[in-house]
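Peer 1: Chains as they are written, first to last, in the numbering used here: chain S, 1 to 273; chain Z, 1 to 323.
Below, a list of computed lysine to aspartate or glutamate pairs in the EDC-like style, where the Cα atoms sit at most 20 angstroms apart:
{"id": "1", "chain 1": "S", "residue 1": "Lys100", "chain 2": "S", "residue 2": "Asp126"}
{"id": "2", "chain 1": "Z", "residue 1": "Lys229", "chain 2": "S", "residue 2": "Glu91"}
{"id": "3", "chain 1": "Z", "residue 1": "Lys320", "chain 2": "S", "residue 2": "Glu92"}
{"id": "4", "chain 1": "S", "residue 1": "Lys135", "chain 2": "S", "residue 2": "Glu185"}
{"id": "5", "chain 1": "Z", "residue 1": "Lys229", "chain 2": "Z", "residue 2": "Glu215"}
{"id": "6", "chain 1": "S", "residue 1": "Lys228", "chain 2": "S", "residue 2": "Glu189"}
Hints in this document: simulated from the structure, not taken from any laboratory.
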Amino acid sequence: MGDVIFEARGASYTYGRVDDRPAVRDVDLDVSTGELVGVVGPNGSGKTTLLRLLLGALAPSLGQALAFGSPAAQWRRRELARLVGVVSQREEPAFPLRVKQAVLFGRYPHMGALGAPSKEDLAAVDRALDRCDVKSLSERWVATLSGGEWQRVRIARALAQNPRALVLDEGTASLDIRHEMEVFELVSELVHEGHLAGLLVTHHVNLAARFVDKIVVMDAGAAVAVGKPEQVLSPRVFEQVFGWPVARADWRGVPQFVPLRVGEREAGTPNQS
Amino acid sequence: MGRWFVLGTLATLAIAVGLIVGPAELSLARVWGALTGSENASAAAIVLDLRLPRALLAFLVGGSLAVTGAALQALVRNPLADPYLLGLSGGAGLGAVAAIVLEFGSSWSVPIAALAGALLAIVLVYRLAIVSGSVLDARILLLAGVVVGAFASSLMGAIIALSPAQQVRNAFLWILGGFDAASWQALTVFAVYAVIPLGVIYRYNRPLDLMALGEEPAQFLGADIERLKRILYVSASLLTAAAVSVSGVIGFVGLVVPHAIRLVWGHLHRSLLPAAFLLGGTLLVTADAIARTAFAPLTLPVGVVTALIGVPVFVVLVRKWAT
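Chain S with its partners taken away, still in its complex shape (with noise of 0.2 angstroms):
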């Protein structure tokens, strides 16, 4: 594997007063060039407060959480946005934008204050577009966009700052299957053929199962998981963490999982492990 580019050290994050009950807890973490990391686990597990640590949008209340091998919270955001390409959580732009302005966004951080983009910044963010196959779409206007487009759009936004990490927070996304997928294998393709370090958090385990290099499974803040999916996915971590019984099925040496229905549970289910 490659460098280190983000590593959490014993991190935890209380939001509100520090008595209440921690959103992240110590959570111990690296990601590296070249390798997927998919953070699993349902709502209100700490997914996107753990991706806030490791982005420097949130400091540790408890614990170190570095990026570049720095305190990610003390980056100035310009420097840092030259080295993270970020694909948040919500975003609704408030007016009306077209798809090849929203992604020479992504060249803000490398533009002086004043003056039109340069040369180099037009061309990448026409790599950008034909990367992400959107650039049929770059006179569109961004609110006439499908999920899948948008996201991808956004991706080829990210692509577009010419970063060493890629960091998709798709916690609450809802695609249906095809477009789920073009943006997985999109993700995929560019974290291991342009050695970036990936970080993706996602509701879809038997996704993140087949595309991660390694996956982090969060349960109440805590991270109850973390190594190669084959390694540490199990119907026993996956009930405990989701609260449903599931059955293992295993598609070419990958766990993926089957919930399974109420008259299911008490019939002994293959490949329990």
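Add chain Z to chain S, keeping to what the hints say.
Peer 2: Same frame as chain S, but now just chain Z:
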């Protein structure tokens, strides 16, 4: 290029109209003569000492209010924001009236008092709008702005009612907005106070673009949100305070102008801000010419003219925004 040419031409025409219309009948040729120094002393005095500073001041104030409106719209992520509707103008007016009545108001110190009032107003509006936790509700923000503005206006009314009679009429006319007191001195004061915040707002044109996406995405694209908000709210307050100090409370320029520019230029602040400045200046010089001529020899407060244009536009925008 064509769009800039049209805007530049409109701006030049508006200033020309501002120089030509007025109670003293002066032809275009005589106005030109006064500007180039070939006219008699009385015509030269009317053009150079009254109309020219008035037109230039109205232009700068209109441009500044439009730029302030555009910046505020990006900051609060709401196309309905305007220094008047967000309560900044009211707060600035209150500060200025207090300074005048308490008699520590020189033309240089009134803007400082107005700035204090504007900052107080925006802090109050912001506090009121943050309903749950730290989430800013855009609708409540506007409501809070209007309410704080109304409260500031009534305090101004009370102060004026209780102050000596000879000050009342002047102060009252001033509140409604107007350029009757325009002079080279007022123009200098305004220019000195406005040039830095205008430059600062333009300097942050790219982070303002990013703000349209929301605070967190903007942050991940390199904008230092907290710093940006502090700097820009202070700049917007200073511009509003300077405008209110020289010309009273003039509403809706900051709402109507950026909206019109957005339709043609789009929403990128690198061109939106200068275009809004030119159109805002054009609009206010024209509104002032209308205010002076519509019921001549009586003068309407220019704030009345801008409200007559602005309120219908506001109604249309609210309906569009709400759906």
